[in-house]
Structure formats: C-alpha cells, structure tokens
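S.K.: Following the hints, put chain B in place on chain A, whose structure we already have.
Chains as they are written, first to last, in my numbering: chain A, 913 to 1323; chain B, 913 to 1323.
Hints were generated in silico from the structure; no laboratory data involved. A quick note: this is a predicted structure, and the numbers were derived from the prediction, not measured. Please note that the accuracy of each hint is not assured.
Because identical chains cannot be distinguished in the list, a pair is counted as satisfied if it fits within a single copy or across any two copies.
[Stated by the list, open to error] The calculated DMTMM-like cross-link candidates involving lysine to aspartate or glutamate, where the alpha carbons are at most 20 Å apart (straight line), are:
hint, residue 1, residue 2
1, Lys1193, Asp1315
2, Lys1054, Glu933
3, Lys1163, Glu1213
4, Lys1193, Glu933
5, Lys1054, Asp1225
6, Lys1163, Asp1225
7, Lys1170, Glu1213
8, Lys1193, Glu1183
9, Lys1054, Glu1298
Protein chains: 2
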Amino acid sequence: MVGMDRLTADLHALCEFGRNEAGGWTRPAYSQVDQDAHLWLASRMEQAGLATRFDGAGNLIGRLEAQPGGTQDGALVIGSHIDTVPRGGWLDGALGVLAGLEVARRLLESRAKRTRPFEVIAFRDEEGRFGPFTGSRAMTGKLDLTLLPTMRDVDGLYLSQALTGSSLSTTTFATAAIPVGAISAYLELHIEQGPVLEAAGKRIGVVSAIVGQARFSLQFQGRPDHAGTTPMNLRRDAFAAAADFASHWRKMIMAEGKGVAVGTVGVVRVEPNAGNVVPSKVTLGAELRDIDDLRLNRLTELTGDLARHSAQDLGVEVSLRVTHRTQPALMNGSFQAAILDCAIRRAYASMTLPSGAGHDAQNFADLVPAAMIFVPSIGGRSHCPEEATDAADLDAGLNILLDVAAGYLST
Amino acid sequence: MVGMDRLTADLHALCEFGRNEAGGWTRPAYSQVDQDAHLWLASRMEQAGLATRFDGAGNLIGRLEAQPGGTQDGALVIGSHIDTVPRGGWLDGALGVLAGLEVARRLLESRAKRTRPFEVIAFRDEEGRFGPFTGSRAMTGKLDLTLLPTMRDVDGLYLSQALTGSSLSTTTFATAAIPVGAISAYLELHIEQGPVLEAAGKRIGVVSAIVGQARFSLQFQGRPDHAGTTPMNLRRDAFAAAADFASHWRKMIMAEGKGVAVGTVGVVRVEPNAGNVVPSKVTLGAELRDIDDLRLNRLTELTGDLARHSAQDLGVEVSLRVTHRTQPALMNGSFQAAILDCAIRRAYASMTLPSGAGHDAQNFADLVPAAMIFVPSIGGRSHCPEEATDAADLDAGLNILLDVAAGYLST
Chain A
913 MVGMDRLTAD LHALCEFGRN EAGGWTRPAY SQVDQDAHLW LASRMEQAGL ATRFDGAGNL
973 IGRLEAQPGG TQDGALVIGS HIDTVPRGGW LDGALGVLAG LEVARRLLES RAKRTRPFEV
1033 IAFRDEEGRF GPFTGSRAMT GKLDLTLLPT MRDVDGLYLS QALTGSSLST TTFATAAIPV
1093 GAISAYLELH IEQGPVLEAA GKRIGVVSAI VGQARFSLQF QGRPDHAGTT PMNLRRDAFA
1153 AAADFASHWR KMIMAEGKGV AVGTVGVVRV EPNAGNVVPS KVTLGAELRD IDDLRLNRLT
1213 ELTGDLARHS AQDLGVEVSL RVTHRTQPAL MNGSFQAAIL DCAIRRAYAS MTLPSGAGHD
1273 AQNFADLVPA AMIFVPSIGG RSHCPEEATD AADLDAGLNI LLDVAAGYLS T
Chain B
913 MVGMDRLTAD LHALCEFGRN EAGGWTRPAY SQVDQDAHLW LASRMEQAGL ATRFDGAGNL
973 IGRLEAQPGG TQDGALVIGS HIDTVPRGGW LDGALGVLAG LEVARRLLES RAKRTRPFEV
1033 IAFRDEEGRF GPFTGSRAMT GKLDLTLLPT MRDVDGLYLS QALTGSSLST TTFATAAIPV
1093 GAISAYLELH IEQGPVLEAA GKRIGVVSAI VGQARFSLQF QGRPDHAGTT PMNLRRDAFA
1153 AAADFASHWR KMIMAEGKGV AVGTVGVVRV EPNAGNVVPS KVTLGAELRD IDDLRLNRLT
1213 ELTGDLARHS AQDLGVEVSL RVTHRTQPAL MNGSFQAAIL DCAIRRAYAS MTLPSGAGHD
1273 AQNFADLVPA AMIFVPSIGG RSHCPEEATD AADLDAGLNI LLDVAAGYLS T
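So that you can see chain A by itself, here it is in the shape it has in the complex:
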C-alpha cells in the first residue's frame, strides 16, 4: 500500500486548509482558503511531474501528455473537487482529486502505456456555493454565462466580489469551455455518501446513473382561525392539508419508485406557527430523485395530483412550483463492465447502484463515456465532520481507478 500511504498523506495535508476548531472542514468555493488549497494542489501535481494550469473558471488541470506516438487530443480525465460544504468532511471530492493524482504517479512509475493524454482536474464550486457545479459546467459549456453577474452565495456575496483580487473575473469564465474532442473519457472516484454499500457488505460500487432531480415548492394556503372556537368542519387548516399530502406522497413514492426513486420533504414552514391558531399557510420544500427520467416526470405529475387532492379535501388552496430540474446522467456501459471486471480480478465485493447525489461526472456523461466508482461511507455519513471510509476501502477504490484508467490509456 505504498500508493495508499501517499494518498493518505495528501488527504491529511489537504486537511490543513479550512480545518475548523470545532470539527470538520470549510473550504467555500473561490474563497482565500479554497485558492490556497488549489495552489498547494498545483505544487503537488508539479512535484509528481504533471503540467498544471488554471482555466478561466479557476478549475485546476494537471496533465500528462501521451507517450510518443500517442494522440494529443482525447484526454482521459479523472476529476472531482476540493471545495467543501461548511463543516464538511475530509473525503467528499478530495478523495477523487488526490486519487487521480496518485494514479498519475503510478502511471509514471510503472511506465504504463499511455496512448493519449491524462488529466487530473479539480473542478471549482462543486458544492454550489454560487450555483451547482459552477466549474464543471463552465468547462462543459453548460453554464449560462449571462447569469454570472447575478450569481450569489447564501450570504448575498456576489461571485464577482469573491473573485476580486484573483486573476479570475466573470468575463474569464467563457474561456473555460473545452473544445470538442479535447476529452475522450471521464472517470471519478467518490465516497458513496449513503448507507447502501455498507449495508450490503460491498467494497466497490459501480454507479449505473446519477439521478435526475425535480425540486418543488408547495404552498398550501388556508385561513388563520382560532384553534378553540372553530369547529373542525369549518376550518381551512393548511398544515392538515400539508401533512395529509406528505403522508400520501411518501407512500406513492414507495409504491411507484420501485426502490430506486426517493422523495423528501426537507423544508417545512408553518404560519403563524402559534399554538392556538389554525395554520393559515404552509410551505413545503420537497424534492424527487430518480435515474429514470420518464418516471421522474410521472412522479412529478402524481405529486401535483396528490397535493391538489389533499388541498381539496381540507378546503385549502395549493400551488406547486418546480424550482429546479435536472436529467439523470447514465454512466457508460463499457466502463461499468470494466469496473466490475477489475473488482472481480482483485476479489473486491462489488455491486451496481445509482448515485443519489449529484457529481461533476454528470456534466460529462452526455459528451464522453463517463463512469463513477463508489467506496463505502461508514454509517452512510457525509457532509459532516464524522465522514469516513475504511482505509482498506480507500485502497480498493484507488486500485480500481488505476486499473480502469491504465486499461483505457493502453488502447
């Protein structure tokens, strides 16, 4: 586990950037500590023998050219990110980037055949401080550049303000888009961030697809009656309607989602939220995720039907607004087969599963063959200081990433 020791050392070194005294790590995209971490990473890449550059969106690219006789275009990319959510964990994103760097070292040391270029990329703002996947969307031409001046973080800070003093500005982002053919394939190693691999006793997860998402805001509008003096049948209770909806909605997803689709009511706001007043207004923030786009549409339609039905039953009004919608991203079948094959050869227990979380890989999946390898998250925990993965599982993930990358580069 020589490579593993180096990867662990890199992970620990990165932990020095944005460590919180109270636990966890905070490296917000385009902050000073994020920039410092990227500069450290660039120097580590250079030490390993990669040529480095930052693009117009701040994405850091470390590159190995193909061996003599290979092509100049069609690079294999291993990507992920090193920004974090506030008080996040040490592996989310960081594992994928630093494992990519270790793969580069191993390719060089082993003098493995490289018929095409190899790139390790740390994408900026995967966690969506200023918007989802700002860096990888800029690189894949999926970022609406006209929106850049309006992009703000949760505290109201504009992206343009965050970029002040750096070599970046909202006008440099246009130059980040890569030309057709520059990349030929995309791989990403990531922690699962869920409990499935651990529950199944598997070491390697082969991602079938990254789920598509539909996010809704549901607003139930009733009447603020006195909780003592208003008989049950004369009420227009917005929370009664919202609770009735949520209860039926969950059962609908369980029945129609075939164990794959998930739906969550994560945000609930009740007005006036007083003990002796019948709730007059309830806003629910809900989301659906599924790898099947047709089914996601169908679940969305059923969501509206159920909301209207509950509202009608309780005599309240309801409005549903879809606030966000992304398509599922299917992972490449040949890469999935290659990952399974490598896992069998190394005797790692593996399984195929969808990714319920979004990843930079989803922005490449419609452009080039793309794949993701998952390793287990202990207790399913992520985005928190307790985020962890067994060392043996990290080693397994690194080995599979290396096997698949070396296999692809050799042909």
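M.R.: Only chain B this time, still in chain A's reference frame:
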C-alpha cells in the same frame, strides 16, 4: 337603543387606550396603558353611581349595594376584562365589562328590584401575559401564590417588574381572594370569537360549557440522512412520521369528537429544515379541547397511541409531553334556561354552543352558578384589528344580559 348608544360610546372611549397606528389595540396586562384604562373605567363606574375599589391583584370592582332589606353578601357579578393581546380587537373582554356597567346604569334608572349586591368586575390579565387568567384566578383562590415571583411575560419581564411603581406587588395578590359567600352568581357577555353563530344565523349563543384543554409537545426523533443517497426503506424520517401522525390524528378527532372536540397542530419545528437532508427531528405543538372531560382523557390516550404507531411505522422515536391541562367548566343549567327564555321573549334567534376559548367565567363555574352569553363575531374573526360584531347583535347581547341579571337580582 339609548343604552346601546352609551355602551358604544364607552367602547369607543376605551379605544383611546392602546390604539395602534397600524390598526388594532395593545393593552398588555399591568402595563401603564392598562393601568390608565382601568383608572378611566373606575371613573366611568363612579359617574354611574357604583362604588369602586381595586383588589390586591389589580382587579377593578364597581359595586351597587342591595336595596334596603336585601342581603350584604352573595353579590351577582358581571365580569370580563379590558386587557388585550398585542394588536387585538376592540370587543374581546371590553364588551363584557362595559355591558356590565351599562346594566348597572339601567338597573339604577329603572329602579329594578335588587335583593342582593351587584358587581361589575374588570379582571386583570385575562389574556395571560404573565399566566392564564391571573386576576380571576387570584380572586377565586386558584392562583398558586408561590409562583408569583417567577411569573414572566414572553419578553422575559417579571410580573414584579411590571408592578414597580404601582400600589401592587406580588405580596398584595394574597389579599385578592374573596371569602366564601361574597359572590352568589356570575354572568359574562362575550363575543363568540368563532364562526358558529354567524354560520347558523343566530343572534344569541347560550354557552353550555367552556372547554377543557390538553396541550402537548410531541417530539419525533429520526436521523439526518442525505436526501439523495439514502433509499426510502433505510430512512428514519422524522417529518414523515409527524405528517403521518397529524393526518391520522385529525381523522381520529373528527370520528371520536362528535363534532364538539377540536384538535390543532399549530406549531411545527423541523430540524435541520434543509432541502437535501432527511428531517432528523420534528417538534409538534398540539392541543385538544372538549367539553367532556372523560372524552378529553380518551382523546389524549389515543393521541399517544397514534404518535407511537406512526413513529414505529417510520422507524423513529417519539415522546409526548402534556404541557397544560384544564378541566371543562359547565355553565349553570338554570341560567342557560333563563338566557334561552329571555331570547325567546325578545324574539332573538338563539342556539346552545360550547365555548372553545377560555374565559374568566371558568374560574367561577365550580364555586357559584355561572353563565355566558355569546354574540356573533363577523367572519369568526377575533384577536385581530378586524374583530367586529353587528350593532344589532351587540344590542341583543346587552338586552339579554340585563334581563337575566335583573331577573336574578329580583328574587
């Protein structure tokens, strides 16, 4: 409507105390404006020929002695309050006190027979700034005097601080308790604060009972999983459990409550209340009200059963804490019959109904015959600037109060 004109003038005069520029009235118990309003009321009482005094809890008592040959004890009390909730209406409480004053004037003018004393009382702090019914509980010996030094308002101000500079202190409250026999009956005229009379097209409500209440805090404890990466069957979703409970609970109350009991989930707190995190903790503030104490106990038991059932179904923990419990207060049957009788003679459409809100009358109902007369609330609105009642309904309520009081005093 001579008496009605005087009552309306008094109501409008009281409106000068605590009027909000933005609408509504704010007279918090034991505040300076509340004290000013009580001093104005005392002078109005004196002008009408009543002897006035403040007791040790600040309750204002205006008294007419019995006519010669009558008794000195066993007064008939007409009571209510003139404090308000923040930005409350102009009739809640004020109507009952000022109608009592007008009844006193009419009794004097008509030289009606008075075999016993008559008192109009404005109780302090009916709205519960420092605790529910502070004044009428002090007068009826129901206030735990040892708690007085700990009583605070929602902003943390102690009752003792609010009393600073007045002739009252927490030690004077003990003197407010009235001796056995001092009062022989209690009447209160009040706006309904609900939609029942208006919906039924009735002018006079005969209150059968003031409901008992059970207030609960229900806490559902789950686990804060990632909303994308955690399959539905591996979640412990606290909001799913709370919604399931609330949905079943409402149906249970509709079925078991016989159209009388009411139950409300008014307060909902969800943690962490983030779109992409399965809710880990939900606290519901709920209450039940019923005029049948046995049924209130049974509904409370069923509440616990349903909460445990929903929690078990969703794999979460639940705890239920009863935070407040009061008994129903039955109104006196002879008074109810007398109110109905007077309404028939004056050709006012009337009906019997429970009071879903608490009133000072409930503190007298177990000591002396007590009764309440309701007049309709337009749109069922109360505790808000829009609180209103038709002038003809106010007149009807005043007339019935006078009839019943005069009838009682004559025997």
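S.K.: Need the list of violated hint numbers for this structure, in ascending order.
M.R.: 1, 2, 4, 5, 9
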